[in-house]
Amino acid sequence: MGVPLVYAVLSGFKSTDQLSRNPIGLPDPWITSNYTDILGSGSFWQLVGSSTLIAAGTTAVVVAVSALAAFSFARFAFRGREMLFTLFTMGLMFPFAVAALPLFLLLRSMGLLDNPLGVILPQAAFGLPMTIVILRGFFREIPAELEEAATLDGCGPLGFFWRILLPMARPALGTVSVLAVVGSWNNFLLPLLVFNEPTWWTIPIGVQQFQGQYSAEYARVFAYLVLAMVPALAFYAVAERQLVGGLTAGATKG
Amino acid sequence: MTSTFLPDKRSGPDVGVPSPAAGPARGRTRRRAVHWLTAVGFQVPALVLFGTLVLLPMLFALYASFFRWGGFGMPDDYIGGDNFTRLFQDPVFLGDLWRCLLLVGLSLLLQLPFALALAVALNQRIRGRAVYRMLFFAPYILSEAITGVLFSMIFAPDDGLADHVLGAIGLDGVGGQWFADPSTVMATLFLVMTWKYFGFHMMLYLAGLQSIPAELTEAALIDGAGPWQRFRNVTLPLLAPTLRISVFLSVIGSIQLFDLVWVVTAGGPDHHSETMAVTMFQYGFKRYQVGYASAISVAMFGISLVFALAYQRFVLRRDLQGATTTMRGGGS
Numbered sequence: 001m002g003v004p005l006v007y008a009v010l011s012g013f014k015s016t017d018q019l020s021r022n023p024i025g026l027p028d029p030w031i032t033s034n035y036t037d038i039l040g041s042g043s044f045w046q047l048v049g050s051s052t053l054i055a056a057g058t059t060a061v062v063v064a065v066s067a068l069a070a071f072s073f074a075r076f077a078f079r080g081r082e083m084l085f086t087l088f089t090m091g092l093m094f095p096f097a098v099a100a101l102p103l104f105l106l107l108r109s110m111g112l113l114d115n116p117l118g119v120i121l122p123q124a125a126f127g128l129p130m131t132i133v134i135l136r137g138f139f140r141e142i143p144a145e146l147e148e149a150a151t152l153d154g155c156g157p158l159g160f161f162w163r164i165l166l167p168m169a170r171p172a173l174g175t176v177s178v179l180a181v182v183g184s185w186n187n188f189l190l191p192l193l194v195f196n197e198p199t200w201w202t203i204p205i206g207v208q209q210f211q212g213q214y215s216a217e218y219a220r221v222f223a224y225l226v227l228a229m230v231p232a233l234a235f236y237a238v239a240e241r242q243l244v245g246g247l248t249a250g251a252t253k254g
Numbered sequence: 001m002t003s004t005f006l007p008d009k010r011s012g013p014d015v016g017v018p019s020p021a022a023g024p025a026r027g028r029t030r031r032r033a034v035h036w037l038t039a040v041g042f043q044v045p046a047l048v049l050f051g052t053l054v055l056l057p058m059l060f061a062l063y064a065s066f067f068r069w070g071g072f073g074m075p076d077d078y079i080g081g082d083n084f085t086r087l088f089q090d091p092v093f094l095g096d097l098w099r100c101l102l103l104v105g106l107s108l109l110l111q112l113p114f115a116l117a118l119a120v121a122l123n124q125r126i127r128g129r130a131v132y133r134m135l136f137f138a139p140y141i142l143s144e145a146i147t148g149v150l151f152s153m154i155f156a157p158d159d160g161l162a163d164h165v166l167g168a169i170g171l172d173g174v175g176g177q178w179f180a181d182p183s184t185v186m187a188t189l190f191l192v193m194t195w196k197y198f199g200f201h202m203m204l205y206l207a208g209l210q211s212i213p214a215e216l217t218e219a220a221l222i223d224g225a226g227p228w229q230r231f232r233n234v235t236l237p238l239l240a241p242t243l244r245i246s247v248f249l250s251v252i253g254s255i256q257l258f259d260l261v262w263v264v265t266a267g268g269p270d271h272h273s274e275t276m277a278v279t280m281f282q283y284g285f286k287r288y289q290v291g292y293a294s295a296i297s298v299a300m301f302g303i304s305l306v307f308a309l310a311y312q313r314f315v316l317r318r319d320l321q322g323a324t325t326t327m328r329g330g331g332s
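Sequences listed follow chains U and Z, in order. Sequential numbering of the first sequence, starting at 1, is according to my numbering. Sequential numbering of the second sequence, starting at 1, is according to my numbering.
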């Protein structure tokens, strides 16, 4: 399972010539220039920065908006609630590709092409169903007594939401944030459509372009791939518990 | 349902608001309206975002699918159902459907049982269990684009790792064109998909396995059941809800497959690895037949929807009761 990854790391330390003569063994000599060249170039860091900004923006929007909606779904009884909730849960099975084309036209008419908002807002919108479903589950478990106590102490709905519910739901917010970050980080189709100019390219787009550009220099492409994997794997190592918890909760509650 | 913010008929006396006795009916109606507005007010940002960027584009795709349209200005050349008639005579689209079925079949018959076997194995107390879990799940974290580029180099004709390994163990003629050969491209793609996704399903199963009380397996052990019997009669039935979810996600994933194929083969050679989403992309963004591409979108949506509804109706029904009671409520 790890063989492709190890192979990529080792190949990055070879020259392309070495790679074709000695594809399987250890590098001899170890060449670091593939890695250092990429780390020294501004374009790679631009991808990392752009991916980070877009992931952070998407997460902030989707979590804030979903928390409000999930709060209303979990703690209020109101006419039309079931209908609205069904509408959002239906969104769980909308393939993004279905909306891609008209979404592109919409973003074009709104002047959001080559603009990070053109990726952030649609990603947040498509992330809503899953986030709302997970958060609603957590919000429902907070005891009604707390709500009553807060109300007696003079909290309005918004005060209860802000001062009590959100702090108590911090683990849940962490989980949905991790899911949103990973989803945004790995998205390919939407950035591919929205970003014509390299200014805002994200890592998946950058990787594809790099391979196209240096298709003959295998060792360089391997080094590039490995570096492109590092942020995601590092994030995974840190947030593993929340990610796995979120995926299993999302999958079974969805 | 816990709610103290909205005093409605079901929730009994309102403990929250120190109400000025039971006011006249008009005051109650007004208070009700205010509460409704408060509750719905929290939904407004979500509704605006979801409505404009998810629902509106979907509806527009449906509208555009009835036109011959190049994507500029508004569609005006109405052609009724012609795009759909064309769709179901288009060999590429029919091939997409066939390839989708193929991937679904392979996933259900090979990938998921493999993931299940590994999950059962990793659920034992074995050395380094946590490391294995990390390792198997790591590919799921990588984007399909990165996975695609990695494997397009591993399966590169002649120079790739795959051919070298086969050559080293004396199987020179076996590999070869991989993604470039119409007869092997789907199998190779499926291999890559398995590498990337089985860890996710394995994690789902592990979570399911941990929720099975150990007493049940122990009881079966005491009753003299062998490993296979314990698995067949205790583990498998109790894992069924998890399995059903995993199958659902796997099928929906196969219907939507795009990134991996686009990066690795872009649908080639000669459409032999094309998926519905890739065909849509080709027509919509490369050939500017936006009306026809919209019809493909609508067909994809229809297929997902029919599958999802049928699956919920016939397979998931038992699991959803209790878990999401709201699904049975209004609307659905």
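Hints are not guaranteed to be accurate.
[Claimed, not checked] Covered by chain Z, per the in silico footprint, the following chain U stretches (three or more residues, Cβ under 8 Å): (1) 45-54; (2) 93-102; (3) 162-169; (4) 194-200; (5) 230-240.
Derived from the structure by calculation, the hints contain no laboratory data. Remember, predicted model here, so these are calculated numbers, not experimental data. We put the beta carbon where it would ideally sit given N, CA and C, even for glycine.
Right, here's what the structure says about each hint:
no., hint, verdict
1, 45-54, "violated (count 0)"
2, 93-102, "holds (count 10)"
3, 162-169, "violated (count 0)"
4, 194-200, "violated (count 0)"
5, 230-240, "holds (count 6)"
In this structure, the hints that do not hold are numbers 1, 3, 4, in rising order.
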